[in-house]
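Chain order of the listed sequences is E and Y. The numbering of the first sequence is the working numbering, which starts it at 2 and goes up by one. The numbering of the second sequence is the working numbering, which starts it at 10 and goes up by one.
Misleading hints may appear alongside valid ones.
Said to hold, decoys possible - For lysine-lysine, the following DSBU-like pairs were computed, each having C-alpha atoms within a straight-line distance of at most 30 Å: (1) E:K39 x E:K26; (2) Y:K21 x Y:K62; (3) E:K70 x Y:K21; (4) Y:K89 x Y:K136; (5) E:K26 x E:K130; (6) Y:K160 x Y:K89; (7) E:K39 x Y:K21; (8) E:K130 x E:K39; (9) Y:K160 x Y:K118; (10) E:K39 x E:K127; (11) Y:K21 x Y:K89; (12) E:K30 x Y:K136; (13) E:K70 x E:K26; (14) E:K64 x Y:K71; (15) E:K139 x Y:K21; (16) Y:K21 x E:K36; (17) Y:K160 x E:K48; (18) E:K64 x E:K48; (19) E:K26 x Y:K21; (20) E:K30 x E:K64; (21) E:K36 x E:K135; (22) Y:K71 x Y:K139.
Stated by the list, open to error - Pairwise CB distance ranges (calculated): (23) E:P125 x Y:E150: 55 to 61 Å; (24) E:L9 x Y:E166: 36 to 42 Å; (25) E:P61 x Y:A137: 53 to 59 Å; (26) E:P61 x Y:L127: 41 to 47 Å; (27) Y:C53 x E:R19: 32 to 38 Å.
Derived from the structure by calculation, the hints contain no laboratory data. In this text, all values refer to a predicted model and were calculated from it rather than measured experimentally. Where is the CB? At the ideal position from N, CA and C, for every residue including glycine.
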Amino acid sequence: MTDNAEELIHVEYTQPWRYRWSTGKYIGKAYAETKRNKRLMGNRCSKCQEIVWPPEPVCPRCKVPTGEKWVELGDTGTVLQYTYQVMPMWDPHVGRARAHPHPSANIRMDSGCHIMHRLEETDPEKLKKVKRVKAVWKEEGRQGGMDDILYFRAIDG
Amino acid sequence: MEGWTIEQLEGKDVFVIEGQVAIPNNYSAGIVGSRFLVELRDNCRIMGIRCPKCDRCYVPPKSTCMECFGQLTEFVEVGKSGTLLTFTVDHHTTPVQTASPPNVYGIIKLDGADTGLLHLIGEVDGKAVKSGMRLEAVFNEERRGSILDIKYFRPAEAG
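The task is simple: from the sequences and hints, build the whole structure.
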């Protein structure tokens, strides 16, 4: 198509995507509680009485205003599912891999709601035996949010 | 690529989270687009591509004719100046802009071309730009095979 040996042009670039978002009132309350009191707080739907996590102004099931009936989720739960990660999990804040890989898990809290978080145990064989877990909170440098919990640690019973 | 911040609004249970994510991109100009960009970079020539069947000249060039869908191979050089078909003045700031606002964007039909080329218009106040005015290309000193090897189009001298 061209006279000489073709030179094909391609452009490689890294595009920065800047973001800035506000938590709003409901997530803000949850973040403030993790930061200040090391507590996970959800709100209870006024209609179905289920815990909404993360807290929202409208119940995702009933589509009615949830109100501000705050309930504590507690620190203990049961692992329903987990992944053994070969690839470290991406940190959505910066779009890069997290420095310290931990398995992700779907945990059913004793209060009844499900949360996604990380497990302390990284050995695939030992992971199979992990059932009951408890949140391990950061003692220092809590900023608000789920990263105020380092991971969930296996407990007895 | 930096980290992110979380800021608690004073006295309130509301947080603002701010940061950025790096998205790696690789854009390929293709065979026809590459020839166009190489000519811009090496020879300061603006190339079009002609469909002999429909007698249309496309600038920027494309590999397929929009009328007859034939494969196009006939590159022709078009003029460095042309007529402004339409334009807009942009006062908004976005991160993808190469220059600070206000920016004037125009669609320019170069001499010898049958289609319009989108580019920036410079050296003129936005209020003085009019459809139908004559414009000429200003090339950058340092060119790297990009559409921005043309710095912008400026009003051409009369005649």
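| Looking at the structure, which of the earlier hints fail to hold? | 2, 5, 11, 12, 14, 17
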